[in-house]
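These protein sequence lines map, in sequence, to chains A and B.
According to the numbering used here, the first sequence is numbered sequentially starting from 1.
According to the numbering used here, the second sequence is numbered sequentially starting from 225.
For the record, the hints were derived by calculation from the structure and aren't laboratory data.
Don't take every hint at face value.
Pulled a few chain B residues facing chain A out of the computed Cβ check, cut under 8 Å [unchecked claim]: (1) S235; (2) L238; (3) L245; (4) T247; (5) R249; (6) F251; (7) R262; (8) A265; (9) R269.
Between beta-carbon pairs, the in silico distance windows are [as the list claims (entries may be wrong)]: (10) B:R263 / A:P16: 26 to 36 Å; (11) B:I256 / A:E198: 19 to 29 Å; (12) A:L30 / B:R263: 57 to 67 Å.
It should be emphasised that the depicted structure is a prediction, and the values quoted were computed from it without experimental measurement.
Here a beta-carbon is modelled for each residue, glycine too, at the ideal position from N, C-alpha and C.
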Amino acid sequence: MVVNHSITRQSSRPTPHHPNGPWEVGPRGLVDPAGRRYARGPRGPAASPFSALRIKPWPRGPTYPATFLPFLSPIAVTLFALAAFPSLASVPMASIAGSALSFARPVKAINVNSLSFSPTTKGNAFLRLQPVPMRFAVSCAAKKDTVDKVCGIVKKQLALAEDAEVSGASKFSELGADSLDTVEIVMGLEEEFGISVEESSAQTIATVEDAAELIDKLVSEKSS
Amino acid sequence: MAAAAAAPARSEVLSLFRSFLRTARQFSDYNICEYTRRRAADAFRENRALADAPAAAAAFAEGKKQLEVAKRQEVVYSLYAPKSKSIMEMKLQ
Numbered sequence: 001m002v003v004n005h006s007i008t009r010q011s012s013r014p015t016p017h018h019p020n021g022p023w024e025v026g027p028r029g030l031v032d033p034a035g036r037r038y039a040r041g042p043r044g045p046a047a048s049p050f051s052a053l054r055i056k057p058w059p060r061g062p063t064y065p066a067t068f069l070p071f072l073s074p075i076a077v078t079l080f081a082l083a084a085f086p087s088l089a090s091v092p093m094a095s096i097a098g099s100a101l102s103f104a105r106p107v108k109a110i111n112v113n114s115l116s117f118s119p120t121t122k123g124n125a126f127l128r129l130q131p132v133p134m135r136f137a138v139s140c141a142a143k144k145d146t147v148d149k150v151c152g153i154v155k156k157q158l159a160l161a162e163d164a165e166v167s168g169a170s171k172f173s174e175l176g177a178d179s180l181d182t183v184e185i186v187m188g189l190e191e192e193f194g195i196s197v198e199e200s201s202a203q204t205i206a207t208v209e210d211a212a213e214l215i216d217k218l219v220s221e222k223s224s
Numbered sequence: 225m226a227a228a229a230a231a232p233a234r235s236e237v238l239s240l241f242r243s244f245l246r247t248a249r250q251f252s253d254y255n256i257c258e259y260t261r262r263r264a265a266d267a268f269r270e271n272r273a274l275a276d277a278p279a280a281a282a283a284f285a286e287g288k289k290q291l292e293v294a295k296r297q298e299v300v301y302s303l304y305a306p307k308s309k310s311i312m313e314m315k316l317q
């Protein structure tokens with residue numbers, strides 16, 4: 001029985017929280033009032049299956065990204081996939097060739113997990129590369145970004161199809177919106193951009209361009 | 225109500241609608257917020273084509289009373305705000 005006598009605080013008396021006396025923190029773990037040691041030290045209970053088996057679950061340290069490279073070479077990936085789910089033989093190899101470009105830089109842990117630790121999901125696209133849309137900001141009366149967002153909100157409010165023609169010059173009335181719809185659209189824009197539109201200015205909005213200009217003005221006023 | 229007021233102007237009606245939507249936005253409970261918006265839009269759309277002045281004025285007065293109700297309820301609901309956001313309010317990850 002190991003009792004740590006080097007603790008100087010007066011902790012051996014029973015307190016309301018610990019009727020038998022408090023647990024103390026010794027150098028090798030917790031010590032209960034009876035002096036038994038509960039530790040994760042050498043001979044202590046294993047914290048996880050990995051520590052019991054003495055296997056590091058994930059490589060750590062400066063070589064962290066590089067350790068994936070040999071494991072994830074395209075050939076190894078192909079063989080692994082074909083061995084694991086033979087029905088994928090028909091998957092076009094172009095996707096693998098395309099995804100080979102991504103191994104040049106460190107791969108995000110999420111994608112790796114989906115490859116090696118979930119063999120039950122069939123037909124995995126190995127790595128989905130999300131294309132980032134490139135936006136070219138054209139400086140005109142209202143910013144193109146703003147106009148695009150306004151168009152999106154208008155389409156959603158009026159339940160138009162995704163490919164409907166909504167541009168800067170389209171009037172709300174032409175798109176089939178009555179005045180109530182216009183009010184709702186303006187409220188939606190207020191929420192989206194975090195601005196507050198005055199009554200009088202809201203009455204004058206007639207086209208998408210008007211709305212975008214007003215939004216830009218209010219956003220710049222707010223941030224300045 | 226002795227004398228019916230004149231029909232409300234278009235801008236008054238729209239500003240009443242706007243106040244409804246603003247009040248709806250301040251509700252902490254997503255469900256009540258959505259209900260207020262929907263109900264206001266439905267009611268205004270239904271009474272959109274009221275031709276004669278007294279009917280329109282009566283509808284406008286009714287709308288104003290309902291706005292007062294909504295504002296009072298907003299105060300009451302804010303005292304009992306839900307602890308976590310509704311799943312509908314969370315952005316898609």
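Cross-check of the supplied hints:
no. : hint                        : in the structure
1   : S235                        : holds, 6 Å
2   : L238                        : holds, 6 Å
3   : L245                        : holds, 5 Å
4   : T247                        : violated, 11 Å
5   : R249                        : holds, 7 Å
6   : F251                        : violated, 13 Å
7   : R262                        : violated, 11 Å
8   : A265                        : holds, 7 Å
9   : R269                        : holds, 6 Å
10  : B:R263 / A:P16: 26 to 36 Å  : violated, 54 Å
11  : B:I256 / A:E198: 19 to 29 Å : holds, 27 Å
12  : A:L30 / B:R263: 57 to 67 Å  : holds, 59 Å
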